[in-house]
Amino acid sequence: MLKPLYKDLFDLAGTSGYEHDVRAYMKAFMNRFPSFEVRQDGLGSLFAIKRAKDPKAPVVMIAGHMDEVGLMVVAIKDNGMLHVKNIGGLIGEVFVSQVLNVHTRHGVIKGVIGAIPPHMRKEQNTKLEELLLDIGASSKEEAVSFGVQLGDMVLYDNPFAYTQNKRRVIAKAIDNRYGCGLALETIEYFDKQTLPFTLVAGATVQEEVGLRGAETATNLFAPDIFIALDASPVNDTLDANSLGALGKGFLIRMYDPRNVMHQGLLKLFVDLAKKHDIAYQYFTSKGGTDAAKALDMHAGIPATTIGLPARYIHSTAAMMDLGDLDHARKMLLTLLETFTPDLIRELKEGTYA
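So in numbering that gives the first Met the number 0, spot 180 of the sequence shown is number 179, and the numbers just go up one at a time.
There's no promise every hint is true.
[Said to hold, decoys possible] Estimated spans, in silico, between C-beta atoms of each pair:
| no. | residue 1 | residue 2 | range |
| --- | --- | --- | --- |
| 1 | 52 | 240 | 30 to 38 Å |
| 2 | 221 | 37 | 15 to 23 Å |
| 3 | 283 | 236 | 17 to 25 Å |
| 4 | 150 | 50 | 34 to 42 Å |
| 5 | 31 | 270 | 31 to 39 Å |
| 6 | 209 | 337 | 30 to 38 Å |
| 7 | 92 | 276 | 27 to 35 Å |
For the record, the hints were derived by calculation from the structure and aren't laboratory data. By construction, the Cβ of each residue, glycine as well, lies at the ideal position given by its N, Cα and C atoms.
Construct all of the structure, not just a fragment, from the sequences and the given hints.
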C-alpha cells in the first residue's frame, strides 16, 4: 500500500502560484528531522538541507515540484457563469461535464462545465476560453455573493482512489506530488546518516508555467548535481511499442527538447540499476522538467530526472503503478548512497567511465 503522505499530497490543492497548502504540509514534515535545516526561497520553493561536515563538500539537489495544472477564474458573466483560464498545459476536452471546485477565500464551492445535451443537436465547443463554469448562480451579483473573485483557483473534484487490484492508484496530482513525496521520504531516510556531500531535498514552485522555481532555487543552492523527480506521460494503452509503460520501472529520460541526458549520469543510472536489480525504462519526452532549467544555470550543472510513468497526466485525473514508485525510490536512494565527492567531480569533468 502507498504511504499516507502520498495520499495527503495527491489530494491537496495547489496550482502554480497557489502552492501554499502543499508547502505548509511539506514544511511540517521537514521540521520533524533535526539534522536538516529548512529554507524557503523568495518565490516559495522549499528545501531541507543536510550539510556535510566539510564546508567545501559538493552539493546534490533533489527536487520535486509542488504545483499541479489547473484553472483560474478570469471573468464573471452577468448571468453568473464563470470564464476560466488554464494554468499549465491543459486542453478543453478534458473538462466537459466535469465537476470542479472553485477555491474561494471563504471555502470551496462546486460547479460544472456545461455540456450541450445531444437532443439539442448542437456542436460542443471545447476551446477552454469558450467553456463556461456553472456554479448555480443566476447573476454576477449572486456569484460574487458566493465568494467568487477573479483569480480564484479552480481544480477537479477527483479524490485519491486505489484500483481494484490495489497495485495502481488514481489521483488528480500525481504530477507532481510524486516528486514531493519522494523528496520527503529521502529526508526521513537520511536523517540519522552522515553523507560526504551536502544534500538539498524538497520541491520547487511554478514548474508548470515555465520552470520558474527551479531557477530561483538553483540560484540559491548552487548545486553540483541536480536530480528532478517528476511524473511523465506514457502511452502504453494505445501504442504497445511506445517508450514507457506502467509497471515496468522508473524512467531514464534520455532526451527532451531542453535536456539531452548527461552521458555520465546515463551510464551511472544504468550501471546502478543493473547492479541493484532496479527496473528501468528508456524514455524520451516532448516536454521538460526542472532539470532542464538547472542544466544551463551558472557554469552548467549535470542535471537529469528520475521519472515516474503515469497515464493521463495534464488532465483531471492520472494513474500510476506502485511498483514503479518502488523502483524510482530504490534508484534515488541507491544513487545518493553511491555519490562521493570524487564521483561527483568525475561526472562534472566528464571522466566517469
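Structure-based check of each hint:
no. : hint                  : in the structure
1   : 52 / 240: 30 to 38 Å  : 50 Å, violated
2   : 221 / 37: 15 to 23 Å  : 18 Å, holds
3   : 283 / 236: 17 to 25 Å : 18 Å, holds
4   : 150 / 50: 34 to 42 Å  : 39 Å, holds
5   : 31 / 270: 31 to 39 Å  : 34 Å, holds
6   : 209 / 337: 30 to 38 Å : 32 Å, holds
7   : 92 / 276: 27 to 35 Å  : 41 Å, violated
The structure is inconsistent with the numbered hints 1, 7, although it conforms to all the rest.
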